[in-house]
Amino acid sequence: MGVVSSALDLIGSGFGILDATPEMLALFVGFGLVVGVLFGFFGMGGSFLVTPALLMLDYEPSVAVGSGMAFVFGTAVIATLKHHDLGQVDYKLGAIMITGTTIGIEVGRASVYYLQSIGLAGAIISVAYVVLLGGVGAMVTRDALNGEDGGIDHEAADKSLDEYEIPETAKKIQRTVRIPPMVTLRGDVRVSAWVITAVAFATGLLSGFLGVGGGFIRMPAMIYAIGVPVPVAVGTDLFEIVFSGGLGSYLYGQGGGVDLGIVVPLLFGSALGARVGSAATAVVDSDGIKVYFGGMLLVGAIAVGIGEVGSYIGSPTLETVGLFLVIGAAVVVAAAILYTSVVSLRTAQSRQTTTAD
Amino acid sequence: MSGLEIPTWDPETALLIGTILVEAIVLYVGYAGLERLVAPHLMRLLIGGDGSGQ
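For the record, the sequence lines run as chains A and B. For my numbering, add 367 to where a residue sits in the first sequence, where the first one is 1. For my numbering, add 716 to where a residue sits in the second sequence, where the first one is 1.
Chain A on its own, in the form it takes in the complex (with noise of 0.2 Å):
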């Protein structure tokens, strides 16, 4: 009867759904389109703004962190679906994972609900966030400044498994650490289950703590820490995410840190989003556009920086701009992934009609 009669609570309460103000539920399905370009194009960074955008309107830190995790479990269940058809999950490799991942995760939850027992949650975590936003940020605009290659490489992404080649550090690694058990994963590549835990646990605590998925840190350390071949690494990533987030969530729903009103929307967005910045990689080469994502981190950082000084003084002006600021830079980039698709696919046509006279 227990389990009957809160389900009738939560679809009698409209899940949460019908809380929201028709205003919010738009800003959260415009937000998620915009966020779904993001990630559907450059394969990375959906995230790293939905639990900013939160804790700048205002949200509960747990509220914020738990509802971008539960937002990313929503958008990896999806992109696994379509990775699974690829046949790019590496099923071991992600299961092996999950542990090392869980209990990361478990840690940084704590952390969270920790902090704002004793009122410093939202600083700390917007410090992590100007920090991750302007790291992450710097590397990928020096990147493209230099012509070299930031987040997934979608060539590489398309390759056979047998044309792949273990980068170095991977090699050395497995070389010198041969803890048993070893393991042998897709790609005839062999590691200690260690080093895979340890990827795991140190991925998993950034993504209780801040709400992200984490696949920033974890394919760039799956690709070169244990040697995965590229589009393994894309999509075990998202297939562990499904599990570690969609636990994450629930312990963080279970302490009211999970609003539908805001993933609900979010996940409408970003899903239908996500199908055009994937398509739009067909037609756009993601380098000339990359410098641009490197800035949209950079100015997030900065957003976030000045959202907190806002809230330390208690200027809500401030914490417009910063919030502003941070939705502004992802539109723009977005918006221009859009119009150089389209600018390209009208060149192609008018080329392909010339051609044909």
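Keep in mind the hints are simulated off the structure, nothing from the lab. By construction, the Cβ of each residue, glycine as well, lies at the ideal position given by its N, Cα and C atoms. Just so you know, not all the hints are guaranteed correct.
[As the list claims (entries may be wrong)] With beta-carbon atoms standing in for the labels, derived distance ranges: (1) A:Leu-487 - B:Ala-748: 43 to 49 Å; (2) A:Thr-714 - B:Leu-753: 23 to 29 Å; (3) B:Val-754 - A:Ala-703: 21 to 27 Å.
[Unchecked claim] Below, a sample of chain B positions facing chain A; criterion: calculated Cβ distance under 7 Å: (4) Asp-726; (5) Leu-732; (6) Ile-733; (7) Ile-736; (8) Val-738; (9) Glu-739; (10) Tyr-744; (11) Leu-758.
Got chain A; can you put chain B on it based on the hints?
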């Protein structure tokens, strides 16, 4: 809720997470169908062709 925890069964939270899971699967299937239906018309509208050259 601070301190490390072992997850315990909570039907309301399970329903909450289940709702997100179901929404994700419905959106995956639904948007795939929508893409098949709408994409050719949208391409014609945007570029004046079906973009099959891509």
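Right, here's what the structure says about each hint:
1. In this structure the supplied range 43 to 49 Å holds for Leu-487 (chain A) paired with Ala-748 (chain B), their Cβ-Cβ distance being about 44 Å.
2. Checking the proposed 23 to 29 Å range against Thr-714 (chain A) and Leu-753 (chain B) shows it holds: the Cβ atoms sit about 27 Å from each other.
3. Checked against the hint of 21 to 27 Å, the C-beta distance between Val-754 (chain B) and Ala-703 (chain A) comes to roughly 23 Å, which is consistent with it.
4. The interface hint given for Asp-726 (chain B) holds, since its Cβ lies 5 Å from the closest Cβ of chain A, which is under the 7 Å cut-off.
5. Interface restraint check for Leu-732 (chain B): the shortest CB-CB distance to chain A comes to about 5 Å, inside 7 Å, so the restraint holds.
6. Because the closest C-beta pair between Ile-733 (chain B) and chain A is about 5 Å apart, less than 7 Å, the hint holds.
7. Because the beta carbon of Ile-736 (chain B) sits about 5 Å from the nearest beta carbon in chain A, less than 7 Å, this interface hint is met.
8. Interface hint at Val-738 (chain B): violated, since its Cβ lies 10 Å from the closest Cβ of chain A, which is beyond the 7 Å cut-off.
9. Because the smallest distance between the Cβ of Glu-739 (chain B) and any Cβ of chain A comes to about 6 Å, under 7 Å, the interface hint for this residue holds.
10. A cut of 7 Å between beta carbons decides the hint on Tyr-744 (chain B): the least distance to chain A is about 5 Å, and the hint holds.
11. Nearest Cβ of chain A to the Cβ of Leu-758 (chain B): about 10 Å, over the 7 Å cut. The hint is violated.
Comparing the model with each numbered hint stated earlier shows that hints 8 and 11 do not hold.
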